[in-house]
Amino acid sequence: MPATGPCRRPEVAWRVIDGEAIVVNPRSGLVYPFNPVATRCWELADGTRPEETIIDTIVEEFDAPAEQVRQDMRGFFQMLHEKGLIQPTEGSS
Amino acid sequence: MQTRVTLAIADLPVTVLDDAPEPSEWLTQRCKEFHRVTPDRADGSAIAIHRDPSFTLAVDETVVDLSHESGAFSVRGVDFHMQRRRCGLPIEVIAHPEAGLAGILRWAVGLRLIETGGLLVHGMAYVFDGSGVLAAGPSGRGKSTLSRLIRDRVHLLTDETAAVRFVGEAPVVYATPFAGELGLVSGPASAMLESLLFLSHATEHGFEKVGAADATAKLLGCVFAPLAGGAWLDTCLATAERVARSVPTYAFGFRPEPDVWEKLSDACHRAVPSS
Numbered sequence: 333m334p335a336t337g338p339c340r341r342p343e344v345a346w347r348v349i350d351g352e353a354i355v356v357n358p359r360s361g362l363v364y365p366f367n368p369v370a371t372r373c374w375e376l377a378d379g380t381r382p383e384e385t386i387i388d389t390i391v392e393e394f395d396a397p398a399e400q401v402r403q404d405m406r407g408f409f410q411m412l413h414e415k416g417l418i419q420p421t422e423g424s425s
Numbered sequence: 006m007q008t009r010v011t012l013a014i015a016d017l018p019v020t021v022l023d024d025a026p027e028p029s030e031w032l033t034q035r036c037k038e039f040h041r042v043t044p045d046r047a048d049g050s051a052i053a054i055h056r057d058p059s060f061t062l063a064v065d066e067t068v069v070d071l072s073h074e075s076g077a078f079s080v081r082g083v084d085f086h087m088q089r090r091r092c093g094l095p096i097e098v099i100a101h102p103e104a105g106l107a108g109i110l111r112w113a114v115g116l117r118l119i120e121t122g123g124l125l126v127h128g129m130a131y132v133f134d135g136s137g138v139l140a141a142g143p144s145g146r147g148k149s150t151l152s153r154l155i156r157d158r159v160h161l162l163t164d165e166t167a168a169v170r171f172v173g174e175a176p177v178v179y180a181t182p183f184a185g186e187l188g189l190v191s192g193p194a195s196a197m198l199e200s201l202l203f204l205s206h207a208t209e210h211g212f213e214k215v216g217a218a219d220a221t222a223k224l225l226g227c228v229f230a231p232l233a234g235g236a237w238l239d240t241c242l243a244t245a246e247r248v249a250r251s252v253p254t255y256a257f258g259f260r261p262e263p264d265v266w267e268k269l270s271d272a273c274h275r276a277v278p279s280s
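Taken in sequence, the protein lines are chains A and B. Numbering-wise, the first sequence is residues 333 to 425 according to our numbering. Numbering-wise, the second sequence is residues 6 to 280 according to our numbering.
These aren't lab readings, by the way, just hints derived from the structure by calculation. Even glycine gets a Cβ: it sits at the ideal position worked out from N, Cα and C. Check before you lean on any hint, since a few could be wrong.
To be verified - Restraint-style ranges between C-beta atoms, simulated for each label pair:
id	chain 1	residue 1	chain 2	residue 2	range
1	A	K415	B	R91	30 to 36 Å
2	B	S59	A	R341	36 to 42 Å
3	A	Q403	B	A243	31 to 37 Å
4	B	L22	A	F394	55 to 61 Å
Input sequences plus hints: build the corresponding full structure.
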């Protein structure tokens with residue numbers, strides 16, 4: 333069944349340490365340390381939630397200006413795509 | 006003619022069988038202090054190198070495939086092809102006659118360390134007053150410079166490549182024979198790891214505490230091993246976190262001046278344990 337939202341690539345290794353994810357792309361060997369907001373976003377990106385649903389969740393959970401969070405999250409998902417950390421899904425950019 | 010030498014690197018025995026016509030000077034001389042004569046242990050491994058004059062040199066970067074089951078791996082370097090069919094079997098290498106043994110062995114040791122809960126790290130390491138310090142950093146971050154500046158003050162384990170393993174719950178830093186541009190390695194010495202630093206050049210000496218997550222990421226960036234996927238990568242990540250949580254971790258920026266030792270000794274050997 334195809335993912336309905338952003339989905340972490342299965343080959344990408346990751347580990348949450350003190351609330352911050354360390355994500356390693358085995359294709360490039362690059363290591364990405366995520367802040368707590370990005371980490372929560374990454375945890376939610378399991379393919380079951382549309383991108384906008386994840387963003388709504390982040391807006392609810394973190395005390396930050398909603399519009400700024402939305403803008404940042406869209407940029408974050410774009411980065412995840414570009415770095416090959418999540419697989420493209422229908423409806424995602 | 007075949008060279009057969011057993012080395013102990015980070016206390017891991019590895020028996021090298023090389024059918025090169027002449028024994029490698031690096032193996033017989035530079036590694037001399039790492040030779041051992043005791044019988045193979047259960048945690049030992051063998052690496053059999055067949056020199057093939059028809060070996061085609063690769064033009065691409067090293068290609069690694071660690072995604073197999075059962076501990077199998079394959080590493081295709083510029084002048085060698087290494088593979089192990091499964092955990093416990095010898096590592097088989099087909100190499101160009103001129104392929105350097107150090108480059109081949111570094112891969113083998115790096116992979117063996119990962120699967121035994123250790124790491125091979127781009128870092129200079131030293132012992133002072135019984136405490137081991139590992140100062141890690143990719144190329145250009147000052148490993149050789151710092152080694153040169155403090156070599157008369159400390160027992161230098163390595164100027165380039167250190168190994169870290171756990172003895173019980175305690176992290177231990179080891180010298181390896183894989184020297185850097187200074188060619189400085191001690192014999193097979195080791196020490197309890199008490200501090201982990203991440204090096205960079207700076208206009209002033211300065212320390213900054215690094216949290217466990219950031220330290221794990223920085224350490225992974227210094228591991229000599231392919232972050233190439235599968236269970237290997239998960240193990241590597243877990244070990245890096247374990248090391249990062251075991252000792253105080255700092256970013257250390259320094260300028261190449263002799264007074265760096267004053268700053269380093271203050272931070273690593275007096276102030277840090279109480280922080």
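How the hints compare with the structure:
no.: 1; hint: A/K415 - B/R91: 30 to 36 Å; result: 32 Å, holds
no.: 2; hint: B/S59 - A/R341: 36 to 42 Å; result: 39 Å, holds
no.: 3; hint: A/Q403 - B/A243: 31 to 37 Å; result: 35 Å, holds
no.: 4; hint: B/L22 - A/F394: 55 to 61 Å; result: 58 Å, holds
Of the numbered hints stated above, none is contradicted by the structure.
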